[in-house]
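Novice: Chains as they are written, first to last, in numbering that gives the first Met the number 0: chain A, 0 to 255; chain B, 0 to 620.
In case anyone wonders, no lab produced these hints; they're calculated from the structure.
All figures in this text were calculated on a predicted structure; none of them were measured in a lab.
Certain hints may be false.
[Claimed, not checked] Restricting the straight-line Cα-Cα distance to at most 30 Å, the calculated cross-link-like pairs of lysine-lysine (BS3-like) are:
hint, chain 1, residue 1, chain 2, residue 2
1, B, K544, A, K156
2, A, K57, B, K613
3, B, K301, A, K57
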Amino acid sequence: MSALLEVRNLETFYGPIMAIRGVSLEVHKGQVVTVLGANGAGKTTLLKTISGIMDPEKGQILFEGEEIQGREPHQVVRRGIVQVPEGREVFPLLTVEENLALGAYTRSDKAEIARDRDMVFSYFPILAERRLQEAGTLSGGQQQMLAIGRGLMLRPKIMLLDEPSLGLSPLLTQEIFTILRRLNEDEGVTMMLVEQNAAVALDLADQGYVMELGRIVMSDTAEKLAASEDIRSFYLGHANEGARGERRWKKRKTWR
Amino acid sequence: MSTLPQTVIKGVRVNAQPGQRPVHIDGHTTIPALLRARCQENGSATAHRAKDLGIWQAYSWADYLDRVRDIALGMRALGLQRGQVISILSEDRLEWIHCDMAAQCLGAISSGVYTTDSPSQLAYLVNDSDTQILFVENDEQLDKFLAVEGQMPGLKQVVIFDKEGLHDFRHEKCLFLSDLVDRGRGGSVAEFDASIDAVQPGDTAVLIYTSGTTGNPKGVMLTHENIMAGMEVSLYNLPFTKGAEQLCFLPLCHILERIVSLYTPLIVSSTVNFAESPETVFDNLREISPHGFVAVPRVWEKIYSRVLLMAQESTLIGRWAFAQALKAGRARAECLLDDRPVPAGVALRYRIWDFLVLANLRRMLGMDRIIHGLTGAAPISPDLLRWYFAIGVPVYEGWGMSETSGIGTINLPGANKVGSIGQTCAGIETRIAPDGEIQVKGLNVFSGYLNKPDKTAEAFTEDGWMRTGDVGRIDNQGFVTITGRMKDIIITAGGKNITPAEIESRLKFSHYISDAVIIGDRRKYLTCLIMIDQENVEKYAQDNKVPFSDFRSLCRAEPVLDLIRREVEAVNKEFARVEQIKDFRLIDVLLTAEDEELTATMKLKRATVEQRHKALIDAMY
Numbered sequence: 000m001s002a003l004l005e006v007r008n009l010e011t012f013y014g015p016i017m018a019i020r021g022v023s024l025e026v027h028k029g030q031v032v033t034v035l036g037a038n039g040a041g042k043t044t045l046l047k048t049i050s051g052i053m054d055p056e057k058g059q060i061l062f063e064g065e066e067i068q069g070r071e072p073h074q075v076v077r078r079g080i081v082q083v084p085e086g087r088e089v090f091p092l093l094t095v096e097e098n099l100a101l102g103a104y105t106r107s108d109k110a111e112i113a114r115d116r117d118m119v120f121s122y123f124p125i126l127a128e129r130r131l132q133e134a135g136t137l138s139g140g141q142q143q144m145l146a147i148g149r150g151l152m153l154r155p156k157i158m159l160l161d162e163p164s165l166g167l168s169p170l171l172t173q174e175i176f177t178i179l180r181r182l183n184e185d186e187g188v189t190m191m192l193v194e195q196n197a198a199v200a201l202d203l204a205d206q207g208y209v210m211e212l213g214r215i216v217m218s219d220t221a222e223k224l225a226a227s228e229d230i231r232s233f234y235l236g237h238a239n240e241g242a243r244g245e246r247r248w249k250k251r252k253t254w255r
Numbered sequence: 000m001s002t003l004p005q006t007v008i009k010g011v012r013v014n015a016q017p018g019q020r021p022v023h024i025d026g027h028t029t030i031p032a033l034l035r036a037r038c039q040e041n042g043s044a045t046a047h048r049a050k051d052l053g054i055w056q057a058y059s060w061a062d063y064l065d066r067v068r069d070i071a072l073g074m075r076a077l078g079l080q081r082g083q084v085i086s087i088l089s090e091d092r093l094e095w096i097h098c099d100m101a102a103q104c105l106g107a108i109s110s111g112v113y114t115t116d117s118p119s120q121l122a123y124l125v126n127d128s129d130t131q132i133l134f135v136e137n138d139e140q141l142d143k144f145l146a147v148e149g150q151m152p153g154l155k156q157v158v159i160f161d162k163e164g165l166h167d168f169r170h171e172k173c174l175f176l177s178d179l180v181d182r183g184r185g186g187s188v189a190e191f192d193a194s195i196d197a198v199q200p201g202d203t204a205v206l207i208y209t210s211g212t213t214g215n216p217k218g219v220m221l222t223h224e225n226i227m228a229g230m231e232v233s234l235y236n237l238p239f240t241k242g243a244e245q246l247c248f249l250p251l252c253h254i255l256e257r258i259v260s261l262y263t264p265l266i267v268s269s270t271v272n273f274a275e276s277p278e279t280v281f282d283n284l285r286e287i288s289p290h291g292f293v294a295v296p297r298v299w300e301k302i303y304s305r306v307l308l309m310a311q312e313s314t315l316i317g318r319w320a321f322a323q324a325l326k327a328g329r330a331r332a333e334c335l336l337d338d339r340p341v342p343a344g345v346a347l348r349y350r351i352w353d354f355l356v357l358a359n360l361r362r363m364l365g366m367d368r369i370i371h372g373l374t375g376a377a378p379i380s381p382d383l384l385r386w387y388f389a390i391g392v393p394v395y396e397g398w399g400m401s402e403t404s405g406i407g408t409i410n411l412p413g414a415n416k417v418g419s420i421g422q423t424c425a426g427i428e429t430r431i432a433p434d435g436e437i438q439v440k441g442l443n444v445f446s447g448y449l450n451k452p453d454k455t456a457e458a459f460t461e462d463g464w465m466r467t468g469d470v471g472r473i474d475n476q477g478f479v480t481i482t483g484r485m486k487d488i489i490i491t492a493g494g495k496n497i498t499p500a501e502i503e504s505r506l507k508f509s510h511y512i513s514d515a516v517i518i519g520d521r522r523k524y525l526t527c528l529i530m531i532d533q534e535n536v537e538k539y540a541q542d543n544k545v546p547f548s549d550f551r552s553l554c555r556a557e558p559v560l561d562l563i564r565r566e567v568e569a570v571n572k573e574f575a576r577v578e579q580i581k582d583f584r585l586i587d588v589l590l591t592a593e594d595e596e597l598t599a600t601m602k603l604k605r606a607t608v609e610q611r612h613k614a615l616i617d618a619m620y
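Working from the sequences, and respecting the hints, build out all of it.
Specialist: This is the structure in structure tokens:
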């Protein structure tokens, strides 16, 4: 089976600085794929390059078998690729409903749109309660829900989620990820999830990639990644305290 | 003292005929005596430079002696006796050299431990050498001691260099170096001098553990005389003179860096600069711009790869100019390497391109002052040597072992044959035994392996020559060429004897292959396990649009396998039918120095590789 989204040898620059140094990965239909990595690893740049906000210097992005690299974002969106940006970025002065309506901007089937809005409200009941409230007055968690809801309104073939857990309490993070899982299982939404919170991301994902300094250093099933020694100590906080019970130095990463 | 005819080289007095007893340098026959004399002569001149919070700090020869004296007297206060052993587990740094020299000033023996060694390896080394005092660099290395503390009953004390993160740490066996210095400070200078004078040339000075491709590492015992003999030889051969700058970056546990950074300065009074860390070597190189540079092939390869990458990423004009400059450089290098006079046209063209491009390149690399470079410890690709000659950095290959105090044969300006390991150094003798083995004799040859009389006996012939374990030949001009290792000779199921090293080094000369191990002992045909060069193969994959994610997937990509297959086939063409590599597999884990498959110099260990990757090997038969 060919992948829904396939990235090949992607290289993206910020001016002279190479942020992505040859990344290749695949997302299959119905899968949740997570990309883990520390600050500056190039995760967000990767998503931005896929959604057309940035142009790659080299490499290909294949979506449903067609090359889409370097296309304008609005063309990419019309193909069914939606990015839920880091830090929510809802329209603060528009109401919840208006925000959702903007998510369906490219569609014209009114009845279907209304049905999808009800579907969003069924997953996020709190948004239904606040449908007329300005988005800027929502709490962080609610804004994140709105951003995800807005993305869903496009009926995307794939959702690119950029750190949905950013700035949320552990409880809210749990809640959002539970909903993401339901969306994936019940609605079959394919997701590519960029996260720093490796524990929740690996729990949700089928497949995972680890990025470091613009390169992929590890790729495996989420289950195997979660069990790997390096992931456990560098991302999941299972520290081996060493003989003294307090350890300042870090073991070298080997990524295996 | 000596009635032998004397000569003066680079301002240093030695025997006119090298390799004769008593071996001395400026009249000193032991390392501590020479150290003391040099420190007193050079006084406030700079002996060492090290970075502190990113700024180079200079330390004088007088500081050197003061420090060594304080530490030595501190060790004495801890009860260290003549002939006892101390071990140092640290990256290269000033304290490493101080402690090493301090032990030798007491007539004690110093042994280096690689920071990449595991706790259990540390325990083995400490127990085998009966180490009394262990010096550890920092909390990371200290944790290794703590992990195996119970397995080292003989160890009396642990001294920690770096206090960072350990201010609350208390342990009955541990103290900090600053405390040791305090104990030694104010001690008797006369006592220190007396202990130096008591050291005899025949005393063991250092222990060097060889990586040991099979079995446990063996401790090579080198006496002061062995090392002085090695130093006498290096006076003739190393590109350093008084006041020269050099960079210390290879592990000091290795004989090569010992010769270069510990002993060379004692001969010619040069200045040693410590690289901040293994990762910053190239930056430090540029800052220091040393007068000589001694490195292992891997480092030369890395620099070459960096230059190629830089050239590829430059402008069209830049690339064109670089290609022209290289062409001019190669034309001149060919003449130089063949000992032909350089035609005026070639010389002029080189002068122009040197001025326009190559001189800048050398300055960017930090090689603008290099008189010449040296490479050793592993075979190097002849093409790479030619490339360095072309850019105006003559690099010569030499050969030595821990057992020969790091020196044996060397190529020199005017006596250079690319592909050979050079002519036998003056004062040393070599011969080829009937079975092809290279054998060595000289005062630099070690006295034996610690606690291993059987291994020591095996290492020498009945007439007192040392068996190097290398197979090779000597041509009529005296140039020695190594073709393989005795122990590694493969006897195929068909009964053919094959020296795998020859094939392996041909493979390694490919930029895409970092190391290879030929398999085939008692098998029907030869196969090969290959470790790819991550950087170059990734670049190849990127340039040729081969998708890969992590290292494993890179190793499995069909185009990468094809690439390596082509490299293997190219090598196959150079060998006879029985020596053909029929199949190969890539080692798909990225090995690091901590892995047991690799030696500290990042060479694959045959036995470990064969054992760890048995499944891969079996899949080929």
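Novice: CA of K301 of chain B to CA of K57 of chain A, is that 30 Å or under?
Specialist: Holds. K301 of chain B to K57 of chain A sits at ~25 Å (cutoff 30 Å).
Novice: Between K544 of chain B and K156 of chain A, is the straight-line Cα distance small enough, at 30 Å or below?
Specialist: holds (26 Å)
Novice: Holds or violated: are the alpha carbons of K57 of chain A and K613 of chain B at most 30 Å from each other?
Specialist: violated (39 Å)
When held up to the earlier numbered hints, the structure conflicts with hint 2 and nothing else.
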